[in-house]
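Since the structure of chain A is already known, use the hints to place chain B on it.
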Amino acid sequence: MQEELNLVQRARQGDQEAFAQLYEAHFDKIFRYVVLKIRNQAEAEDMTQQVFVKAYESIGSYQSQGVPFTAWLFRIAHNQMVDYVRKQSRKPTVPLDESLPIADETDLEHDVETKIEMEKVVLATKQLTKAQREVISLRFAGGLSITEAAKTMRKSEGAIKALQHSAILSLRKTLLVGENGGKY
Amino acid sequence: MGNTKEFDNIFNECLEHLLTGQETIEQCLQRYPKYAKELEPLLRTVVLMHKVADVKPTDEFRARARYQMQLKMARTGSQAKRTARVVPRWAIAACTAMLVFVLGGGAVLASQNVMPGNLLYAVKLTTENLQVRLAGSSDGKTEQYIAMANARISEMAWMVNNNKTQNLQAAAQRLNNYYSSIGELATTGGTKTAFSSAAVPAGTLATPSATTMVPTTQTQSLGALTTEPVTTVVTETSIVVTSTPIILGTMNSNNIAAASVNSNLSNSNRTAQLLNSLNSNAAVQPSEIQQLLNSDKVPDSVKTTLQKALAQSNIVYQSAIDNANHQ
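Protein chains in written order, with my numbering: chain A, 1 to 184; chain B, 185 to 511.
Looking at chain A on its own, in the form it has when it is part of the complex (with noise of 0.2 Å):
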C-alpha cells in the first residue's frame, strides 16, 4: 500500500515510469470490470485503454484525501461506462457469446460449457439491481477489497456486505429457478 502511495505520488508529478507500474499493476482488473459490465470484448479494450489516458491526464489533480487510487481509477472507468451506457441505449446489443473472451480457450468442450454457465450467471446478473452489479463487479472482475469497494462507490463498508449478500442470494435463487425451468 505504502508502495502504492509512492509510485501515485511520483505519478502526479510527471513521473511516467511510476504511472506505467500502476498501470501495469491495475490494468488486468479494470479490463474485467468493463468487459464483465459491458460484455463486449472490443469495445472493452477501446474504454480499459480509455480509462488509463484519462487517469494519465487526470493524475496530476489526483487527491488521495480519503480516496485511494484503486477507487479513484474504478471510478474513472464507472463514468466511462455510464457515457457509454448513455451513447449505447438505442443501439442493439452484442450477445456475450459473440464477445467475451473466456480465461481458457484451449479446451473446446470446458469452453462450451463455460460460455453457457457465463451466460447464465450473466442473465442472472441483469435481475440485479444497480448497486448490487456494481457490488459484484468491483468485487469479483476488478478484485477490490470491501474497504476499496466501499470508497469506490461512496457507502459503508456495512452496506457493501448487504449489498454483495443480497446480490448473491438474488443470484442464486435466478440460477435455481433457471435449473427448475421456472419452478423451485
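Just so you know, nobody snuck in bad clues.
PhoX-like mimics (lysine-lysine), calculated; alpha carbons at most 20 Å apart, straight line:
| no. | chain 1 | residue 1 | chain 2 | residue 2 |
| --- | --- | --- | --- | --- |
| 1 | B | 256 | A | 54 |
| 2 | A | 130 | A | 120 |
| 3 | A | 120 | A | 173 |
| 4 | B | 481 | B | 348 |
| 5 | A | 115 | B | 235 |
| 6 | A | 87 | B | 492 |
| 7 | A | 173 | A | 161 |
| 8 | A | 115 | B | 348 |
| 9 | A | 115 | A | 126 |
| 10 | B | 487 | B | 348 |
| 11 | A | 126 | B | 235 |
| 12 | A | 173 | B | 221 |
| 13 | A | 54 | A | 87 |
| 14 | B | 235 | A | 120 |
| 15 | A | 130 | A | 155 |
| 16 | A | 130 | A | 173 |
| 17 | A | 115 | B | 240 |
| 18 | B | 492 | B | 481 |
| 19 | A | 29 | B | 235 |
| 20 | B | 189 | A | 161 |
| 21 | A | 130 | A | 87 |
| 22 | A | 161 | A | 130 |
| 23 | A | 126 | A | 173 |
| 24 | A | 54 | A | 29 |
| 25 | B | 221 | B | 189 |
| 26 | B | 189 | B | 218 |
| 27 | A | 29 | B | 240 |
| 28 | B | 235 | A | 173 |
These aren't lab readings, by the way, just hints derived from the structure by calculation.
Frame of chain A; chain B shown alone:
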C-alpha cells in the same frame, strides 16, 4: 437459520477466503458444519460468479494497449518540453521504431499478411492506424480507410470460409467505424486530430485469438508508414537513428518506390486517384458485404452490424465521391 448476523459474518468470511484463494468451499463448510446447508449453495454461486469474472485480456491486446499508452506518454512528454510543436511526429516515429525494434523488424511486415487470431494481428491493426495517422491529407486518410475496409471484408470472408466466426463481430464493428470516418472526412475534411476517435476509429484495435496465417497483399502500404517518420527522425533525434536500418530493412524496393511515387503525387492526381478508388470500391464493397449477409454461417448479431455497414457504405461513398468531385 440461527443467528442472522453470525451467519452473515460467516458468509462474508468464507466469501473473502474463496475470492483470495485461501480456502475451498469444502474447507469452509467443514469449519461451519452448523451452517453448511445454507452456506453451500451461496458459496457455489460465489465460485461461479468468480469464474465468470475471471476474464483475462489477450496478450495481443495487452501489448497493443501498452504501446498506445507509451505513445500517449511520449506525446505528452514532448508537448511539455516543446510546446510550440503542434504535432510531435518524431514521437510517433520513435514509438513506431520502438515497436518495430521490440517486435523484431520483420514482425510489422509479416503482420500485414495475417488474419484475425494470429498473434501479429494486433501489429497489423496498429500499423494500419499509424498509416492513417501519417497519411497527412484527408484524401490520404480516406484512401487508407478504404483499404482498411477492404482488409476487414476480406478477413470476414476468410473467417466465414474457415468457420472461424468468433471474431466476425469485431471486424464488422471496425468496418462500421471506418465508414463513419470516411463519412466524417467527406463532410469535415478530416479536421480532427489523428488519434481522435474520428481519425482512428473506436474499436479498430481490438484483437481476436485463433492462430492461422494467410497471405494477403498489403505490403505496399508499409512504405507510407516507414519512410516519412524515418526522414523526420534522423534529423531530429538520435534515438531512432539506430532503429532506421531495422525499419528500412523491412522494406523492399517496391515499397520504397511506391512510397516515393505516392509522396510526389500532385493534388489533382491524388484526387483523381481517390475518385477512382472510391468509384471502384463503392460498387464492390457493398456487394461483398451483401454476400456475407447471405451466408448462413454469419450469426444474426453480426448481420445486424453488417446491415448497418451496408447502409452506411452506400451513403458514405456517395458523399465522399461528391466531395472529391467538388475539389
